[in-house]
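Asks: Chain by chain, the residues run as shown.
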Amino acid sequence: MKLGYYPGCTLKTKAANLEVAALAALDRLGIETTELDRWNCCGAVFSLADDDLIHQVAPIRNLIRAAQQGCDTVVTICSQCYNTLARANKLVREDDEKRDTLNLFMREEPDYNGEVEVVHYLSLLRDRVGWEKLREAVTNPLTGLKVAPFYGCTLVRPLEVAVDAVDHTILEGFISALGAEPASFSAARECCGAYQMIAHPEEGMKRAAKVIAAANHSGADALILSCPLCEYNLGTRQGDVVAAHSGLDQVPTFYFTQLLGVALGLDPELCRLDLSGPAARTLLTERKYIAAATA
Amino acid sequence: MASIPSPIHPDNLRAVRKIAEISGQNVYECMQCGTCSAVCPMVESMGFTTRQGIHYLQFGEVEAVIDARIGEFCASCQTCLVRCPRGIDVPRVFEAVRQLVLRTNTDLVVLKDIPKDTLAEAPQIAFVATFRKLTS
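Top to bottom, those sequences are chains B and C.
Residue 1 is where the first sequence starts when you use our numbering, and the numbers rise one by one after that.
Residue 1 is where the second sequence starts when you use our numbering, and the numbers rise one by one after that.
Mixed in with the good hints there might be a few duds.
[Unchecked claim] Taking CB as the label site, the calculated pair distances span: (1) B:30 with C:103: 45 to 53 Å; (2) C:113 with B:269: 35 to 43 Å; (3) C:9 with B:169: 44 to 52 Å; (4) B:250 with C:44: 23 to 31 Å.
[What the hints assert, rightly or not] Here are the simulated EDC-like pairs of lysine to aspartate or glutamate, each with C-alpha atoms no more than 20 Å apart in a straight line: (5) B:133 with B:240; (6) B:90 with B:136; (7) B:210 with C:89; (8) C:18 with B:52; (9) C:116 with B:52.
Keep in mind that the hints were calculated from the coordinates and are not lab data.
The structure displayed is predicted, hence computed values, not measured ones.
Ideal Cβ positions, reconstructed from N, Cα and C, are used throughout, including at glycine.
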């Protein structure tokens with residue numbers, strides 16, 4: 001079984017803090033992945049128009065690349081890439097007519113019939129490593145850290161591609177395995193404002209404010225995310241959101257893979273805290289999960 | 001394709017058929033329970049609720065739904081999809097309304113108005129998603 005890795009655009013630049021620790025953690029956990037030799041943008045959003053097949057070409061082409069490299073499974077870390085690739089894959093598997101049209105359109109490519117499985121990194125941890133084994137691999141448990149799990153939309157909707165359609169606790173399981181405490185967080189599966197933060201910033205900020213208010217109410221020390229768009233809305237823009245809405249407190253945000261890196265005792269440099277807000281590093285050093293002098 | 005009831009004004013028939021064709025959804029299955037509006041994270045920004053939007057569409061009043069900017073403000077979070085007791089893919093319905101606007105070569109976001117700070121800070125997927133959803 002060969003496991004391909006599809007990074008997506010943002011993880012190579014602004015969201016390197018989502019990628020670097022994640023790949024180092026897989027090495028530590030003994031899971032081998034191969035980054036696809038060629039890949040392109042996944043399209044970022046799954047097309048919802050029935051007559052708009054052209055926007056399925058980009059995600060399907062990535063899955064063709066995975067198949068060409070002999071991968072039977074492709075893993076993504078960005079939850080938006082996961083959603084787009086998994087839904088396009090489902091479309092090809094379930095709709096013969098659309099699959100044939102896509103294959104005819106991409107005549108320079110081999111036919112694709114949904115042979116590759118698309119999985120998210122969290123599913124890989126749960127299903128191939130297991131929370132118990134992950135717990136054993138943790139050398140620097142995040143004891144005493146209360147973490148709000150933010151699923152957002154793309155990890156859990158629609159149900160057919162949800163990473164935890166059965167028990168709805170994959171992030172909670174992950175947080176517990178790191179030795180931290182999952183917060184009971186009412187906005188865990190709500191929208192962060194998504195692309196509306198670009199198109200209609202005031203409306204996007206209102207939405208982000210509700211998520212931050214719920215994180216405050218949960219008593220969490222930190223909020224964990226799996227999507228660069230959530231990180232932009234809830235992390236990068238958090239100062240503006242808190243300033244514009246009364247009664248909100250700042251809450252440090254991390255990608256879930258950064259906390260994984262810290263808990264596994266990886267070199268903190270790999271967690272790329274330089275790309276996260278300063279509050280993230282401050283929290284980790286104050287609680288002595290990482291040394292103050294290190295990156 | 002949904003069979004479209006006769007009270008629809010003939011002028012509106014074409015648009016209603018187009019909504020059904022693009023979305024693959026039958027708005028006449030909606031029983032107006034309002035669950036989609038109750039769970040919608042962006043409903044406060046819209047001219048009226050998603051439930052009302054579907055009701056207008058049932059009567060062929062597509063222009064009213066366009067004016068209420070429901071499709072424009074939808075963030076595609078898919079919450080209404082998983083909650084609808086009638087199994088209607090509500091995001092697809094409003095995606096179809098949005099497409100009717102975009103396909104007249106109309107942009108729903110003015111690119112030159114995006115602040116420079118946003119251009120520098122926001123991740124690529126924010127722009128790809130915005131352009132995919134809101135530009136023609």
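Asks: Just to be careful, I want the Cα atoms of residue 133 of chain B and residue 240 of chain B compared with a cutoff of 20 Å; is the pair within it?
Replies: 40 Å, violated
Asks: For the pair we were handed, residue 210 of chain B and residue 89 of chain C, check the Cα-Cα distance against 20 Å.
Replies: Violated, at about 25 Å.
Asks: CA of residue 18 of chain C to CA of residue 52 of chain B, is that 20 Å or under?
Replies: This hinted pair holds, its Cα atoms lying about 13 Å apart.
Asks: Okay, residue 113 of chain C versus residue 269 of chain B on CB: inside 35 to 43 Å?
Replies: 39 Å, holds
Asks: Given the hint that residue 116 of chain C pairs with residue 52 of chain B, test it: the Cα-Cα distance must not exceed 20 Å.
Replies: 32 Å, violated
Asks: Should the hint that residue 250 of chain B and residue 44 of chain C are 23 to 31 Å apart at their CB atoms be regarded as holding?
Replies: 24 Å, holds
Asks: Mind checking the hinted window 45 to 53 Å against the Cβ distance between residue 30 of chain B and residue 103 of chain C?
Replies: 51 Å, holds
Asks: Is the Cα-Cα distance between residue 90 of chain B and residue 136 of chain B 20 Å or less?
Replies: Answer violated: residue 90 of chain B to residue 136 of chain B is near 35 Å, above 20 Å.
Asks: Within 44 to 52 Å: is that where the Cβ-Cβ distance between residue 9 of chain C and residue 169 of chain B falls?
Replies: 51 Å, holds
Checked against the numbered hints above, the structure breaks hints 5, 6, 7 and 9 and satisfies the rest.
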